[in-house]
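Enquirer: Sequence:
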Amino acid sequence: MKLNQALHQAGEVLAHQDIEDSALESELLLRQALGISRVELYQDLNRELSSGEEAGFERLISRRLSGEPIAYITGHREFFGLDFYVDASVLIPRPETELLVEKALSLARERLIATIADIGTGSGAIAVSLALNLPQTKVFATDVSASALKVARLNSQRHGVLDRVCLRQGDLLSPLPEPVDLIIANLPYVKQEEVSRRGLAIFEPELALAGGYDGLRRIRELCHKLGDRLSPGGSLLLEVGIGQSRAVAGLLYSLFPFAKIEITPDLSGIDRVISLILGLTPVCPDAKLSC
589 MKLNQALHQA GEVLAHQDIE DSALESELLL RQALGISRVE LYQDLNRELS SGEEAGFERL
649 ISRRLSGEPI AYITGHREFF GLDFYVDASV LIPRPETELL VEKALSLARE RLIATIADIG
709 TGSGAIAVSL ALNLPQTKVF ATDVSASALK VARLNSQRHG VLDRVCLRQG DLLSPLPEPV
769 DLIIANLPYV KQEEVSRRGL AIFEPELALA GGYDGLRRIR ELCHKLGDRL SPGGSLLLEV
829 GIGQSRAVAG LLYSLFPFAK IEITPDLSGI DRVISLILGL TPVCPDAKLS C
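Quick note: the sequence shown uses the numbering used here, first residue 589, plus one each step.
Hints were generated in silico from the structure; no laboratory data involved.
Here are the in silico distance ranges between beta carbons for each label pair:
hint : residue 1 : residue 2 : range
1    : ARG699    : HIS604    : 51 to 57 Å
2    : ASP632    : GLY857    : 41 to 47 Å
3    : ILE830    : PRO657    : 16 to 22 Å
4    : SER735    : SER762    : 15 to 21 Å
5    : GLY831    : ASP751    : 37 to 43 Å
The calculated EDC-like cross-link candidates involving lysine to aspartate or glutamate, where the alpha carbons are at most 16 Å apart (straight line), are:
hint : residue 1 : residue 2
6    : LYS590    : GLU641
7    : LYS590    : GLU646
8    : LYS726    : GLU766
9    : LYS779    : ASP802
10   : LYS590    : GLU642
11   : LYS779    : GLU794
12   : LYS779    : GLU792
13   : LYS590    : GLU615
14   : LYS590    : GLU628
15   : LYS726    : ASP751
16   : LYS848    : GLU698
17   : LYS590    : ASP632
18   : LYS738    : ASP675
19   : LYS590    : GLU636
20   : LYS813    : ASP759
21   : LYS813    : GLU766
Every residue, glycine too, gets a C-beta built ideally from N, C-alpha and C.
All chains should be modelled from the sequences, with the hints used to inform the complete structure.
Expert: Right, here's the structure in full:
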């Protein structure tokens, strides 16, 4: 079978299983099976696959058809214009999480941010993106998972920021050696019932997904521990799920009544990021609920 035939057939098989971007995914999987670049692939589309190459490609297609995310199969995921290594020990970075990075960079243009803590860093995508864009800033990246921190270390090395990304193992804020100017966190916020019903944790680690009965268990714990971990005038950025923004903003308002609190929607219009800035006039739009 020639490369172009393999691409076409695999694309049809993936499309038949309602996999979006089936043509692109078939290309990515074929390149992974052959260990070649996109240029190399399209320079020699009439080349015949060996029996071993064909079998290897078929194995990758079977993995994808089983529901395994393509990022785990290829070991790659793009985030904020950067290529990150990922494996099954970390959550796959989502496009909506880029909003956290954008908000952090916006804050850094308005005020001095010398230290940042990325809580629950996983692959290190947020920490590395911020370190690259804020070269004068030190970034602490914490995670309870030693396996996740290995991935974050690899990505920090890959992008040349290991000297400014301080990786620390531990739960939430406990590994931080000092107060920081900005805490940023994409903690688990999927309801346990939803994780179980959809089988979301089959491939991605449940530790990085499940947020308890209402999805807010870990976020609630973080908020209650913020007190002495934020510098005076410090800031917090939290990613939340659908329908969670008012409850989280309400909790923050009850804990920090003199802080500025804002809710920012993502490109889909979903309230996605909660921002808190200490030491300003209270602003908490429609957030009187408590967690």
